[in-house]
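A.B. asks: Listed below, chain by chain, are the residues.
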Amino acid sequence: MKIAVCVKQVPDSWAEKKMINGTLDREGVDAVLNDLDEYAVEEALRIAEAHGGNEEGGANTVTIISMGPERATEAIRKALSMGANDAILISDSALAGADAITTSAVLAKVIETGGFDLVLCGTESTDARMSVVPAMISARLGWAQLTFAGSVVVDPAASTVAITRVTDAGVDSMGASFPAVLSVIEKINEPRYPSFKGIMASKKKTIDVRDCAAIGISVQGAWSVVADSAPRPARAAGIKVTDSGDGGKELVDFLAGKKLI
Amino acid sequence: MSNVFILVDLQGDAVSKTTAELATAGARMGDVTAIVVAAPGKSGAVVSALTGPISSAICIESGDLATHGVPAYADLISQIVLEKKPSALLIASHAFGKEIAARVAIATDSGIITDAVDVAADGTATQLVFGGSTTVHSKISHGVSIMTIRANTIEANTAPASPAVENIGKSVSDGAKKATITSTQPFVKGGRPELTEANIVVSGGRGTNGDFAAVEGFADALGAAVGASRAATDAGWYPHTHQVGQTGKTVSPQLYVACGISGAIQHRAGMQTSKTIVVVNKDAEAPIFDIADFGVIGDLFAVLPKATEGVIARKS
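First to last, the protein sequences are chains G and Z. All letters in the first sequence, in the order written, are residues 1 to 261 by my numbering. All letters in the second sequence, in the order written, are residues 1001 to 1316 by my numbering.
So that you can see chain Z by itself, here it is in the shape it has in the complex (with noise of 0.2 Å):
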């Protein structure tokens, strides 16, 4: 059976709820080998918390890491692939891991794919392009299958694992470190779900006119995250950092609610694949109905509240 290398997706110190969704894919294609990177001391924490169908794991430290950032990590990775020569690596689709998929596809002569939604198990990835309107499954041909998976779109098993662990001595390359970081000021996590891994997701956009309470009130009743449009986050009414469209973030949850957007393509483009899209909007003619499972032409400051009402009541 083939050798699937995976590498376990840290929030901080924490094994994110990718990681297992990047095993139950790597599964289907061979024994899966959890590459853990981390800071020295921190691996082993990380190894307990990994869930999913893992059959062993690989961890490499370095103090590197911190200072030199995705090349340092690229470069570990690369070394352990080279070595190992598994038929397949599996990365979280974000900034970080692409451009880390990036680096190692180079370094080990390996074709790419980005942002698959399914791993098939003979390698072939579906990936949903041109704003998600087509499908497009495709292989990698040449060396590694080096492929990125986003987030929530795998069901993932998520039985606790026990791998057979392995400790490798690697260091950084002096190539890797031509770049270094003098300081790093993590995201403070709201109480909310992380946005791209959310099953629920209601955003607000230019129809809040900045008041996010009503939007955020039914977010916390469906224990969902919180959205924005460009729109809201150009004008400073929420953090750019819950942005969802073409230059934010590219989510697809359960249920996506959209209220007071218009659904311009760039917005589209971030959540159209989304299960199930429901949306509120004074305006009737608003383009985001065309792609809406149900909509509620009205005002979001009448509706958002009776239908967070309706949803604690059915709650209690």
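This is chain G alone, in the form it adopts within the complex (with noise of 0.2 Å):
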């Protein structure tokens, strides 16, 4: 099997975010994989090693596909030191700000030619959090969208495979013969940490850089335009008071101060 894993590179969760003209400044954070995508990592490396292994000249590859500055390559060593054969970055500067319209046309883009069987996404990243790119890669392919998924078993020799969704609404079992756009949730596993080997083996793996003209995509503006965007005050810290028996009566009468109850 061919699978692709598409991740992003993010500002660390635990880094101050700020906007500049619009966009999320970038340059000055701390930037990661985006931990949601480990999780997609991890089942892609699972499903491989489940059928026959990754290795090379084994029976699948394990392709990381991402979109983002040169600098995305820290984030992309990162899935391939947990043991992904090979990578793809899109890095423009036309890209810039793109929107998850484009985002989601550029990784359709090279997954239509790689032929791949199956791609895996996380659910969403914790920076822009719209959790809506899987839905539009599998859109524009026009192939079979398996999201939220909790579980994923994949049959190689039928080229199916099953998922359970989990979301709010509740729990559904679907399948689909390949190829399909998977994203799976945070609780499907247990993603690994790089072994001191995988970490050395990385160094060796290749990471293809291409831009907008070498995957033959030409790139449209954004289509939400930001108007302003500005910090939020911060919430003050209000009223602190240490229980000494009357803590619970205290916290009723605030309730009613503010007319909550």
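Treat the hints with care, as some may be off.
[To be verified] Derived DMTMM-like pairs: lysine to aspartate or glutamate, alpha-carbon spacing no greater than 20 Å straight-line:
| id | chain 1 | residue 1 | chain 2 | residue 2 |
| --- | --- | --- | --- | --- |
| 1 | Z | 1084 | Z | 1061 |
| 2 | Z | 1177 | G | 253 |
| 3 | G | 258 | Z | 1013 |
| 4 | G | 109 | Z | 1109 |
| 5 | G | 203 | G | 70 |
| 6 | G | 258 | Z | 1109 |
| 7 | Z | 1315 | G | 246 |
| 8 | Z | 1178 | G | 155 |
| 9 | G | 249 | Z | 1299 |
| 10 | Z | 1315 | G | 253 |
| 11 | Z | 1282 | G | 243 |
| 12 | G | 187 | Z | 1234 |
| 13 | G | 259 | Z | 1220 |
| 14 | G | 249 | Z | 1220 |
| 15 | Z | 1178 | Z | 1064 |
| 16 | Z | 1042 | Z | 1083 |
| 17 | Z | 1249 | G | 246 |
| 18 | Z | 1315 | Z | 1216 |
| 19 | Z | 1139 | G | 228 |
| 20 | G | 258 | Z | 1061 |
| 21 | Z | 1178 | G | 112 |
For the record, the hints were derived by calculation from the structure and aren't laboratory data. These numbers were taken from a predicted model, which means no experiment stands behind them.
Each chain sits in its own coordinate frame; assemble them with the hints.
C.D. replies: So, in structure tokens, the structure goes:
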């Protein structure tokens, strides 16, 4: 099987984020592999390992696909050190500030030409948090959409994949023939830590960096325009009392004063 | 006046509270048409349950929805949008709603904004990003303005609606049938309000040590929903469906009570936009106190039962 995993480099969750000219300032913050994408990398590796492995010359390959600035190679390296075979990074100054519409167009274009059977994604990025790109990739390619997977079972001989979809609404069992676009929830597995051997091996793996011209896509402007953005005033810490027997009563008095009860 | 579509939000066969919120937001921009996409024979009851400023309703019924899910819904909605050309399409901001919005945006060449907390008459959406630390105003500049709106953020006009109804026959395209749903297990709703729709949420974390009785008791006295931190759901103390935070649900109730929750950034990202935040925690240094309007440093097992008594006493 040829498996692709879409990943994004995001600012560290703990970093203070700010907007410059309507887009996230990515220069001034520590950047990491979106941690929700690690579950997708792990699941892809487990699928490969369960069906003959992804060693060189093995039955399967796991390719990391990302769009972002050149420095996104740092996040891609982490996915490679976990055990993915190779990577494609689409990097182009024209893509700075791209929205989900453009991102999905770029990723779909790369996936389309790669001959993949399965594409795995995380459910969302921890910066934009839109949770729409996997569905958009599926819609663009016309491939089956198997998203919010809490478990994945692949049958390479039959070229089929089955998942349990876990959302607020409930749990669905669903399946499709290859090719399919999956997103996996964080409950699906425990991503491995890269081993020392994995880290060393990742340095020799190929990251194929391409620009928009190389993948044959012309970039449109974003279809949603940011008018303005402003940091919200930090929530000021309010009243703080120490319970000495009547903390519960004070709490109720506060709620009553605010007309919340 | 421009025509604004809202996708009627259903929980099972019932119209959710969010639907009237979508209609109220939509009415600021134009005449609201409610799109009802339902299983055969189900749309009539849905239409009669609609509330809010809705002028007309379009009903599409299909037996393929249950077996093909999101792509089937999105395909039918896209066909209607391409035919009727509304200026905007408003959808509830949950996993299902956002995926439909995503697919309709692609099918209709439109821009998309998710997780709006407010919408102005000119279509400008307000979003709170980066865990609620930054306010962004933005507007869609191409195609239909497809926006998903978070539950509980818009004060709904809930006057009964009596829309003019149009039933439209459409069938789901083959391209939207690539995946098949073989079984569906809806989550059983308890007696408490739905987490994202509740006006009050009481949440428990590591400090409960697995005992949610005090948290639930206080929630029930307040008529509140019960939430949990990731630490509590990962430990198996409370169902994952109740997790509030980055990878759980985002809530913005009038009142959020955090009990025994330290306030990791992942948790704060899911509740920081609550109007009033109250905290009960033994650890005076817990970061959650930094965003609390009222904090009690104390043992939740001592404070909550007293507070529960106090609330019940005031009600009687």
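A.B. asks: A separate judgement is required for each hint: does it hold in the structure or not?
C.D. replies: Going down the list of hints, with the structure as the test:
1. Z/1084 / Z/1061: 17 Å, holds
2. Z/1177 / G/253: Distance ~56 Å between residue 1177 of chain Z and residue 253 of chain G Cα, so the pair is violated.
3. G/258 / Z/1013: Violated - the C-alpha atoms of residue 1013 of chain Z and residue 258 of chain G are around 36 Å apart, more than 20 Å.
4. G/109 / Z/1109: Distance ~16 Å between residue 109 of chain G and residue 1109 of chain Z Cα, so the pair holds.
5. G/203 / G/70: 16 Å, holds
6. G/258 / Z/1109: 47 Å, violated
7. Z/1315 / G/246: 19 Å, holds
8. Z/1178 / G/155: 17 Å, holds
9. G/249 / Z/1299: Given that 20 Å is the threshold and the Cα spacing comes to 14 Å, the pair holds.
10. Z/1315 / G/253: Distance of about 13 Å is within 20 Å: holds.
11. Z/1282 / G/243: 9 Å, holds
12. G/187 / Z/1234: Between residue 187 of chain G and residue 1234 of chain Z the Cα gap is close to 9 Å, so the pair holds against 20 Å.
13. G/259 / Z/1220: 18 Å, holds
14. G/249 / Z/1220: With a Cα-Cα distance of about 17 Å, the restraint between residue 249 of chain G and residue 1220 of chain Z holds, given a limit of 20 Å.
15. Z/1178 / Z/1064: 12 Å, holds
16. Z/1042 / Z/1083: Not OK: residue 1042 of chain Z and residue 1083 of chain Z at ~23 Å, beyond 20 Å, violated.
17. Z/1249 / G/246: 32 Å, violated
18. Z/1315 / Z/1216: 18 Å, holds
19. Z/1139 / G/228: Holds. Residue 1139 of chain Z to residue 228 of chain G sits at ~10 Å (cutoff 20 Å).
20. G/258 / Z/1061: 46 Å, violated
21. Z/1178 / G/112: 17 Å, holds
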